[in-house]
Amino acid sequence: MACRCHTTEKRAMSKTTPLYHRHQEAGAKLVDFGGWQMPLHYGSQLDEHHAVRSHAGIFDVSHMTVVDVHGAGATPFLRKLLANDVARLKAPGRGLYGCMLTDSGGVIDDLIVYRTGPDQYRVVVNAATRDKDLDWINARAAGYDCVVSERESAVMLAVQGPAAIEMCGPFLPDELRAPVAELRNFHCCAANGWFVARTGYTGEAGLELIIDDTPAAVELWDALIASGIQPCGLGARDTLRLEAGLCLYGQDLDDAHTPLVSGLDWTVAWEPAERDFTGRAALEAQRSAGPTEALTGLLLEDRGIMRHGQRVVTAQGDGVVTSGSFSPTLGRSIALARVPVDADGDCTVQIRNAARRARLVPPAFVRNGEVLVDLGDT
810 MACRCHTTEK RAMSKTTPLY HRHQEAGAKL VDFGGWQMPL HYGSQLDEHH AVRSHAGIFD
870 VSHMTVVDVH GAGATPFLRK LLANDVARLK APGRGLYGCM LTDSGGVIDD LIVYRTGPDQ
930 YRVVVNAATR DKDLDWINAR AAGYDCVVSE RESAVMLAVQ GPAAIEMCGP FLPDELRAPV
990 AELRNFHCCA ANGWFVARTG YTGEAGLELI IDDTPAAVEL WDALIASGIQ PCGLGARDTL
1050 RLEAGLCLYG QDLDDAHTPL VSGLDWTVAW EPAERDFTGR AALEAQRSAG PTEALTGLLL
1110 EDRGIMRHGQ RVVTAQGDGV VTSGSFSPTL GRSIALARVP VDADGDCTVQ IRNAARRARL
1170 VPPAFVRNGE VLVDLGDT
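Going left to right, the sequence shown walks through residues 810 to 1187 as my numbering numbers them.
I should point out that these hints are in silico values taken from the structure, not numbers from a laboratory. You may find that some hints are simply not true.
[As the list claims (entries may be wrong)] Computed list of lysine to aspartate or glutamate pairs in EDC-like fashion (alpha-carbon distance at most 16 Å, straight line):
| # | residue 1 | residue 2 |
| --- | --- | --- |
| 1 | 889 | 1085 |
| 2 | 889 | 856 |
| 3 | 899 | 912 |
[Unchecked claim] Pairwise CB distance ranges (calculated):
| # | residue 1 | residue 2 | range |
| --- | --- | --- | --- |
| 4 | 1153 | 1111 | 16 to 22 Å |
| 5 | 1081 | 1183 | 37 to 43 Å |
| 6 | 824 | 952 | 29 to 35 Å |
We put the CB at the ideal spot given by N, CA and C, even for glycine.
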């Protein structure tokens, strides 16, 4: 039985979320991101970053794409589509992170999939890749007994930080307060059009909420800010995720590189061996030959800021910065970089025609408020 795919016309550029006017009223600096007008910051990106690390911040992430997949064929379809295995989600209320791959093993997108029922799943993919993701998903769903539906009207909020879950509690629907308080990482619960997951993109504890009722979502945004939670924009979201060593699609991930050279080999479910997910043959060949590249962290030991595209020089050969920025928590520049697989120790990064000293480190710098790298004496 063919999949029944609910499609919509491609949306025009410069889309806005239901919270757009709230961002304007708050004095946000608005920028175009993937065709959406989104807040970059509300005055101080540094203050927003530190608020999430020390207390709590709230992000409007309604530009993300939410797709529901349900029907008798939903599980076999997603087991074919994704490199991670949804069969690991033994019961509703659980989620996992993984990649959707091309036949040659390149990453089309990274995503989170939640099991919401016996034959029901919710998939959240990136905003900038919406059109190609939906085209890919719909084309490959043919032949499976399932329905693929985009939830275009849903509002998505991320409340992140050590105080986030506790502060959210009083503003949730009564039937969700107790379940949310008990949620473990990568678990979710839902009731009456509210979906709440213990996930995020900051390296801190927190929740991501998908709400079908727009007025209720706007009311929640207002209430959480009034309670003392800091509104945060894309700028702080980027420095937080980089400190946590979390990949950004289009920079650290793309369809020219596999998960095996992007620090995401752990998201590939090799067992059972008979599961023939898209891209498996290419990944097996690369694993057998041995990857020649790896994604690593960089800590700058000279002055300057590392940025995407800069050349990295190691004793084992050249690499490239995939994401780089100033780390507000560490007080220096950090980066993710793709380098020769055996590269280690000291290196240099080419910044404005000057070779700046840096050090290769594990690709996670700060999580749950804890500094994970040795800063040395510099």
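Each hint tested on the structure:
Only pairs whose Cα atoms come within 16 Å are accepted, and residue 889 paired with residue 1085 is accepted, the gap being roughly 6 Å. For the proposed pair residue 889 and residue 856, the alpha carbon gap of about 43 Å is over 16 Å, so the pair is violated. A C-alpha spacing of about 27 Å is found between residue 899 and residue 912, which places the hinted pair above 16 Å, so the restraint is violated. The hinted range of 16 to 22 Å is satisfied by residue 1153 and residue 1111, whose Cβ atoms lie roughly 19 Å apart.
In this structure, residue 1081 and residue 1183 meet the distance hint of 37 to 43 Å, their C-beta atoms being roughly 40 Å apart. At roughly 32 Å, the beta-carbon separation of residue 824 and residue 952 lies within the given 29 to 35 Å, and the hint holds.
Violation of the numbered hints given earlier is confined to hints 2 and 3; the remaining hints are satisfied by the structure.
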